[in-house]
Amino acid sequence: GAGVSQSPSNKVTEKGKDVELRCDPISGHTALYWYRQSLGQGLEFLIYFQGNSAPDKSGLPSDRFSAERTGGSVSTLTIQRTQQEDSAVYLCASSLDPFTDTQYFGPGTRLTVL
Amino acid sequence: AQKVTQAQTEISVVEKEDVTLDCVYETRDTTYYLFWYKQPPSGELVFLIRRNSFDEQNEISGRYSWNFQKSTSSFNFTITASQVVDSAVYFCALSGISGAGSYQLTFGKGTKLSVIP
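In order, the protein sequences belong to chains A and B. Residue 34 in my numbering sits at position 34 of the first sequence, with consecutive numbering throughout. Residue 11 in my numbering sits at position 11 of the second sequence, with consecutive numbering throughout.
Listed below are the simulated SDA-like cross-link pairs for lysine to any residue, each with C-alpha atoms no more than 25 Å apart in a straight line:
(1) B/3 to A/58
(2) B/109 to A/89
(3) B/109 to A/110
(4) A/57 to A/71
(5) B/112 to B/66
(6) B/38 to A/112
(7) B/16 to B/64
Quick list of the computed label-pair ranges, beta carbon to beta carbon:
(8) B/5 to A/84: 24 to 32 Å
(9) B/41 to A/5: 14 to 22 Å
(10) B/10 to A/22: 32 to 40 Å
Calculated from the structure, these hints are not laboratory results. The beta-carbon is built from N, C-alpha and C at its ideal position, and this holds for glycine as well.
If we strip away everything but chain B, and leave its shape as in the complex, we get (with noise of 0.2 Å):
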């Protein structure tokens, strides 16, 4: 079976603080696709970023930089330099081949993240 775990239900920072945002995974499947998403107050999911499991490179985009860690089944999250409209709940996700041939996605409990102007 397939689990996603992200440790931190709600982070508060200070506007242009860092932060750092946890996922440890759980798969036996051998390739998988990792995600993130950001659900803003209007609550629709939003694709940040896919990574898949061969491929370990850092990524970053703009404020935005993801680190993929196969030996720690680990896939974080970092916001440099927060800003207000950062302030979202995000959503680690798995993707893999279950049972009945689906790529349904496993989705952690989400991280409330608050950034206080």
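Here chain A stands alone, though its shape is the one from the complex (with noise of 0.2 Å):
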């Protein structure tokens, strides 16, 4: 069946520009995460979804991060007033149960804040 998608692939923006990244996870997995890839950080989780709502939110590195989740299925991850430092690989996973089951990860959007 169909993984975690991803889109767009690459997102080039300028510096205070608000981005949006959408990940549309696998068909009936309920737990959905956001991670970010970055050189000096490593893998760094951000935000889960347990359905549409998110328990987990501790992750987020500032308030000009957000994310919703609509339907339990489709997520989106909205960086507002972008900065340099939002430069990053972020990268979408799910997983049919949240704690029991293996979290699949999409292919990732590279963000470049310019």
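Since each chain sits alone in its own frame, please combine them into the complex, following the hints.
Structure below.
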């Protein structure tokens, strides 16, 4: 079946602009995660969704970052007033069950802030 | 707090050599899962194996094998008879219940494996 998909695959933006990153999880997966991968920080957790609710937003680095999930499926990560330090690969993962199941990752969105 | 340490930043081996990637973890959870993921140059994280904290049996899958030892908090990964296609960054990860009820993965920094033909 189809895996996790993310769009766009690459995004180049200017400092101060807002960006939206999209994640389509594997069908039927109730848990959805966003991570960020950067050279300096490695792989960092950002936010976790169970259904449409986000019980854990502890990884969001600032209030410029927000995310939502609708219909228990698609999720959008929004970064407002982008900064150069936001440049990274943003990865989305989903799992059937939040604890006992494996998280499967999408191909990521490479964000470059000029 | 959870922590995963992959002390080897980069490893180079000649094709057909065996190589072991080390992973040491820290957690206060009694129930947890350990994972290995592979990230080839294409960039996508590919799941390799999951092991729960109650199952210390070693596992072999083709040329891959994993050694889980709770006594030393280690979950090492061995590739036998390495091939060029094994060249990638390998991540060890740990999941447990965070204070917010999440099951986020805590990743090590990764080990970059280069297999030289």
